[in-house]
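Input sequences plus hints: build the corresponding full structure.
Protein chains: 2
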Amino acid sequence: MRSSKWITLTTLLPVTVTFSGEVKAADRPERPNIVLFLVDDMGWQDSSLPFGKEATPLNKKYHTPNMELLAREGMMFTNAYATPVCTPTRVSLLTGMNAAHHGVTNWTSPRKDTNSEYADAEMEPTNWLINGLSPVPGIDKTAYATPFPELLKEAGYYTIHVGKAHWGSMGTPGANPYNLGFMVNIAGHAAGHPQSYLAGENYGNIPQKATPQAVPDLEEYFGSETFLTEALTLEAIKALEVPVRDKIPFYLNMAHYAVHTPIMSDRRFFQKYIDAGMDSIEARYASLIEGMDKSLGDLMTFFKSKGVDKSTIIIFMSDNGGLSLAPPRGGKPNTHNLPLKAGKGSVYEGGIREPMLVKWPGVVKPGTKSEQYLIVEDFFPTILQMAKIKKPEIIQTVDGISFVPVLKNPAYTDSNRVLIWHYPHRWVNQEGPGINYYSAIRKGNWKLVYSMKSGKKELYNLKDDLGETNDLSGQNPAKVKELSALLSDHLRKWNSPLPVRKTTQEPVSLPDENY
Amino acid sequence: MRSSKWITLTTLLPVTVTFSGEVKAADRPERPNIVLFLVDDMGWQDSSLPFGKEATPLNKKYHTPNMELLAREGMMFTNAYATPVCTPTRVSLLTGMNAAHHGVTNWTSPRKDTNSEYADAEMEPTNWLINGLSPVPGIDKTAYATPFPELLKEAGYYTIHVGKAHWGSMGTPGANPYNLGFMVNIAGHAAGHPQSYLAGENYGNIPQKATPQAVPDLEEYFGSETFLTEALTLEAIKALEVPVRDKIPFYLNMAHYAVHTPIMSDRRFFQKYIDAGMDSIEARYASLIEGMDKSLGDLMTFFKSKGVDKSTIIIFMSDNGGLSLAPPRGGKPNTHNLPLKAGKGSVYEGGIREPMLVKWPGVVKPGTKSEQYLIVEDFFPTILQMAKIKKPEIIQTVDGISFVPVLKNPAYTDSNRVLIWHYPHRWVNQEGPGINYYSAIRKGNWKLVYSMKSGKKELYNLKDDLGETNDLSGQNPAKVKELSALLSDHLRKWNSPLPVRKTTQEPVSLPDENY
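In order, the protein sequence lines correspond to chains A and B.
Residue 3 is where the first sequence starts when you use this note's numbering, and the numbers rise one by one after that.
Residue 3 is where the second sequence starts when you use this note's numbering, and the numbers rise one by one after that.
Among the clues, some could well be false.
The list treats identical chains as interchangeable, and a pair is accepted whether it falls inside one copy or across any two copies.
Straight-line Cα separation of at most 25 Å, DMTMM-like style, residue types lysine to aspartate or glutamate; simulated pairs [unchecked claim]:
1) K274 with E284
2) K143 with E227
3) K481 with D300
4) K63 with D281
5) K211 with D115
6) K240 with E395
7) K143 with E203
8) K308 with E395
9) K393 with D248
10) K392 with E243
11) K308 with E243
12) K393 with E243
13) K240 with D142
14) K143 with E124
15) K410 with E32
16) K390 with E243
17) K390 with D248
18) K483 with D467
19) K249 with E152
Hints in this document: simulated from the structure, not taken from any laboratory.
So this is what it looks like as structure tokens:
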């Protein structure tokens with residue numbers, strides 16, 4: 003599906019340090035530390051920090067004081083996007099490619115050669131890259147690309163992964179963060195969620211009861227009261243002490259398992275939400291959110307205590323929209339990201355719009371806000387630019403665009419840019435808004451939502467209609483046509499996976515083919 | 003049981019490297035790379051390289067060409083010792099303390115607060131440090147000490163652990179090699195053996211079937227043909243590429259799970275042993291040995307290919323004597339270390355004497371041999387001396403003595419040195435020679451073996467009686483008395499764990515108390 007030429011990775015800016023006292027480095031730049039704080043399944047509203055124009059009822063439910071602090075010290079992004087589910091986002095992040103381009107369009111099963119799609123009555127299983135990302139060629143059903151941590155490592159960064167990995171299936175190189183450029187890996191493997199958040203349950207590592215989701219590497223906490231989020235934070239700080247001490251620039255991929263299911267209570271924070279009258283499952287969820295927020299605060303405190311906060315960039319992001327199926331969430335389905343429509347799995351805003359923050363001392367003006375839309379594959383060129391890595395030799399063609407210009411100027415706007423989402427799968431049994439076999443495209447404030455199954459097209463103007471309630475497709479056929487053509491052109495160019503109908507054995511029509 | 007003062011670890015020879023191009027290092031020495039290649043349960047005879055005066059029938063069964071190569075490039079030690087079982091050896095190694103001194107006198111259960119001893123009719127459970135080693139104070143039932151990898155890390159080494167750890171139980175800091183000074187950990191945790199060597203069995207990580215012995219961190223190999231020994235070697239090489247490229251001195255703790263039970267066939271080598279007419283279980287065992295030897299060769303080849311072989315010390319060692327219970331071994335029990343008596347679990351030579359090799363380019367003369375006796379706690383001061391770390395600030399009092407003088411001069415001898423073994427436990431159900439509640443002491447060629455249960459003392463002269471067949475205690479009461487006093491003095495001074503009789507509720511007599 004994806005062909006590419008093998009180019010040997012070379013060290014772009016060789017850093018040769020000998021411990022006999024010499025450093026061979028002529029024109030090597032000073033490189034900042036970079037932390038990507040990536041939350042799992044966190045929605046745009048899952049914070050006391052409002053990412054919309056004003057504080058919503060949902061914002062008032064949650065307590066995330068450290069996100070508020072980070073926002074005061076950095077820039078908020080109100081129009082930041084990921085993909086509808088996690089692995090596509092994580093692969094886009096590491097490769098700079100749109101999910102429809104790299105071909106890992108769904109979450110990967112921990113088991114190799116296993117299609118994680120839900121069976122559908124009308125569609126054949128979709129032919130996508132079910133084994134995930136691979137940093138080496140020749141691995142069946144993988145997207146072969148150069149992950150940016152490899153480039154950071156080559157440039158002298160101390161690269162650390164902590165938490166959820168979920169880049170590739172067991173039995174492939176992508177299962178192991180060490181193969182993706184990370185020098186330290188703690189708790190990252192082929193699974194997409196934890197079997198348990200509880201040390202009292204050994205995070206799932208109970209003989210005869212363990213699933214592939216049992217969390218590795220944390221045996222020292224077994225039997226204690228240490229919630230998974232806390233254990234990962236402690237381990238991250240432990241790993242950071244090496245580069246901080248030796249003054250080596252570091253990249254930390256702090257990828258929390260929180261707030262993914264199983265929605266378990268973080269006892270440190272749970273009770274106050276119950277006392278506030280919250281639904282009990284939602285109180286658990288809020289406790290997962292606040293535990294995650296504490297982790298952010300603990301890291302920020304650590305950087306300050308070590309005097310490296312001024313040289314450390316922190317990027318806060320989530321990997322897809324907030325889960326809004328109920329159950330497992332409490333309350334009514336599709337209400338958990340209001341005013342956004344739907345949630346995880348959907349191409350509507352609730353499934354893809356993310357809380358995003360960037361602190362970059364000396365570059366980003368504290369307390370600023372950008373409404374420029376961007377998407378997770380933009381992180382690849384942005385992080386390389388932050389790390390001063392120019393013209394990296396990589397396998398893939400990068401779709402992402404660096405948002406460093408936005409960071410330097412919150413007024414920077416680009417309304418010609420096109421963003422694309424493509425989810426050619428059945429995610430779950432139930433049907434839901436924008437869930438199962440949908441694509442979408444945004445340009446400026448216009449967004450086209452396309453049902454691959456029915457061929458239906460919807461058009462929204464997000465400027466006035468954040469909740470995607472007013473379909474303007476009938477009133478604006480020219481815009482529908484323009485966006486249909488743009489979306490179709492990209493999917494064709496990228497040879498994107500498409501669902502195939504059982505009746506015809508033909509792939510579904512692209513949006514410009516079904517007028 | 004063990005009291006000590008908390009002394010803050012400080013960097014002895016601070017290495018401050020900044021990536022802006024400066025290195026603050028005035029008088030920092032050039033440090034060699036150090037590899038400890040530690041095999042599990044490998045006996046003194048489990049090699050085609052004879053560690054005795056001549057090749058034995060057992061030597062002729064095995065194929066270990068890379069050990070032979072290492073011997074040609076370094077020094078053989080014919081009188082190197084460990085303890086009768088694995089965790090005591092591993093703790094002695096990391097702390098420099100005799101097992102009777104640190105108090106972790108038996109293997110640790112992966113489960114916290116769990117005494118791994120076999121129940122005995124006469125003795126109460128022994129009060130020993132059942133949770134293993136701890137690098138921090140205040141952890142219940144642990145030996146608190148400063149592990150040398152922490153000192154190496156402080157001195158600028160890139161410290162890597164690969165394979166079996168088994169230093170502490172789940173739920174304690176010692177479960178995690180990251181807490182013991184390692185910057186990278188692959189596959190090391192609280193368990194003492196692998197659930198499976200087979201990638202086809204996911205090294206044990208099968209949902210609902212996993213035990214605490216399921217090997218972590220190797221998901222990329224699941225479902226492949228990669229034998230565990232090979233996977234660990236590949237991961238070690240992957241981890242080594244970082245310090246090799248950046249010219250940072252490294253310490254690799256290459257701690258194979260091989261050749262511990264389960265005795266599984268390494269298919270790459272198995273068939274030729276069957277074709278040679280070997281018993282089928284022994285053919286499996288020989289294949290485990292040869293797979294381990296290939297790993298040694300692959301590492302040596304890697305160092306040569308990277309041009310670091312001249313700056314890399316390789317120490318080859320095993321952690322206790324070869325297993326000689328049958329089953330699980332094939333053939334007759336207590337024959338697997340001949341001409342040595344007994345095997346793993348015993349204080350007779352078969353349980354404690356180890357194959358040991360050291361290559362140190364520029365220091366050790368190739369192809370040399372030393373008959374100086376030494377023991378595994380000596381590795382602590384030796385490795386620190388190799389790394390040029392002087393006067394480390396550590397918690398514990400070190401019992402080991404550096405064998406660097408031996409490495410520099412194979413004729414170096416010290417026959418006044420005293421070595422002590424102390425195993426105050428029932429290891430297994432069956433009784434066996436020197437197994438269950440035995441202590442021993444060696445000084446010069448004299449060795450006293452003491453049964454704590456019966457009070458019986460045996461005296462051997464190893465010079466003429468390597469097989470410990472001729473008890474000279476009746477003929478030489480003065481030597482018995484001298485060694486009894488020396489052994490007792492040490493156990494008293496160290497406040498060593500002692501078995502307690504159920505009938506009297508009193509500890510057993512020390513050897514100088516029962517004349």
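* Hints not upheld, ascending by number -> 3
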